[in-house]
Amino acid sequence: MEEVNQLFLDSKLSKIIVFEDSIDNVIGYLHHLDFLKSPKELRSILHKIPTVPETMTAVDLLNQFTKERKSIAWVIDEFGGTAGIVTMEDILEEIFGEIHDEYDVEEYVENQISANEYIFSGRLEIDYLNQKYNLNLPEDDAETLSGYIIENHESIPKQKEKIIIGDYEYDMLLASETRIDMVKMKALNGGTRRK
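If you're matching positions, the sequence shown starts at 0 in numbering that gives the first Met the number 0 and goes up one per residue.
Hints are computed from structural coordinates only; laboratory data are not their basis. Some hints here could point you the wrong way.
Said to hold, decoys possible - Subject to a maximum C-alpha distance of 30 Å in a straight line, what follows is the list of computed BS3-like cross-link-like pairs (lysine-lysine): (1) 47 / 159; (2) 69 / 47; (3) 185 / 159; (4) 131 / 47; (5) 131 / 161.
Unchecked claim - Each pair of labels, with its calculated beta carbon distance range: (6) 187 / 153: 29 to 37 Å; (7) 135 / 52: 51 to 59 Å; (8) 188 / 77: 37 to 45 Å; (9) 33 / 178: 42 to 50 Å; (10) 188 / 39: 44 to 52 Å; (11) 77 / 35: 35 to 43 Å; (12) 35 / 130: 50 to 58 Å; (13) 110 / 5: 18 to 26 Å; (14) 112 / 40: 40 to 48 Å.
All values derive from a computational prediction rather than experimental measurement. Idealized CB from N, CA, C, for every residue including glycine.
Make a model of the complete structure from these sequences and hints.
What follows is the structure, encoded as structure tokens:
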């Protein structure tokens, strides 16, 4: 247990993949937060990991992650061996470009993926989104999209949580305990447009 805990501390990873005998036999993953529960054995905190074929598209995988409320998958090659591990962040970076941390220069994601669906960085300003995408989000109190969601939800939603506010459904693609980084926004019944 101490060894694994130290591995989390040294690597600064939030998840560690566990395999038995060979890397082609992945049995799950460990999450660093589970060590706060002081587990007696590793198997008691081992999470199942979904498997996906390496031929799956990034968009299909993003949809699967969202639907299953997962953020990591084991990628299998055509021979049934391990091709790798993929995370939600990997997929978002593949589709939209590198996701920067707080020490990088901010680049905001904004992408219309269908007539009524968008993926936005939480820090984009509401008046900008209304103007550029012809949306009808209230511009009264909150300045940013994440501020608007937090204000209406009365807390910071968890990653992969879906909430409905007004004419839109918000799916938290990337969120932490302190902020919303990326949101998939879907207009319900076509949503309302600015007139």
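Going through the hints against the structure:
Using a Cα cut-off of 30 Å, the hinted pair residue 47 and residue 159 holds, with the two alpha carbons roughly 17 Å apart. The suggested pairing of residue 69 with residue 47 holds, with an alpha-carbon distance near 10 Å, which does not exceed 30 Å. Straight-line distance between C-alpha atoms of residue 185 and residue 159 comes to about 14 Å, which keeps the hinted pair within the 30 Å bound. Taking the CA atoms of residue 131 and residue 47, the gap is about 42 Å. The hint is violated against a cut of 30 Å.
Distance hint between residue 131 and residue 161 is fulfilled; the C-alpha atoms sit about 24 Å from each other, no more than 30 Å. Taking the beta carbon of each, residue 187 and residue 153 are about 20 Å apart, not inside 29 to 37 Å as hinted. Separation of residue 135 from residue 52 is about 41 Å and departs from the stated range, judged on CB atoms against 51 to 59 Å. Separated by about 42 Å at the C-beta atoms, residue 188 and residue 77 satisfy the suggested range of 37 to 45 Å.
A hinted range of 42 to 50 Å is violated for the C-beta pair residue 33 and residue 178, which are about 23 Å apart. At about 51 Å, the beta-carbon gap between residue 188 and residue 39 stays in the expected band of 44 to 52 Å. Range check, residue 77 to residue 35: Cβ separation about 40 Å, and the 35 to 43 Å hint holds. About 44 Å separates the C-beta atoms of residue 35 and residue 130, a value inconsistent with the hinted range of 50 to 58 Å.
A C-beta distance of roughly 40 Å is found between residue 110 and residue 5, which places it outside the suggested range of 18 to 26 Å. Checking the proposed 40 to 48 Å range against residue 112 and residue 40 shows it holds: the Cβ atoms sit about 43 Å from each other.
The structure does not agree with the numbered hints 4, 6, 7, 9, 12 and 13 stated previously, though it agrees with the rest.
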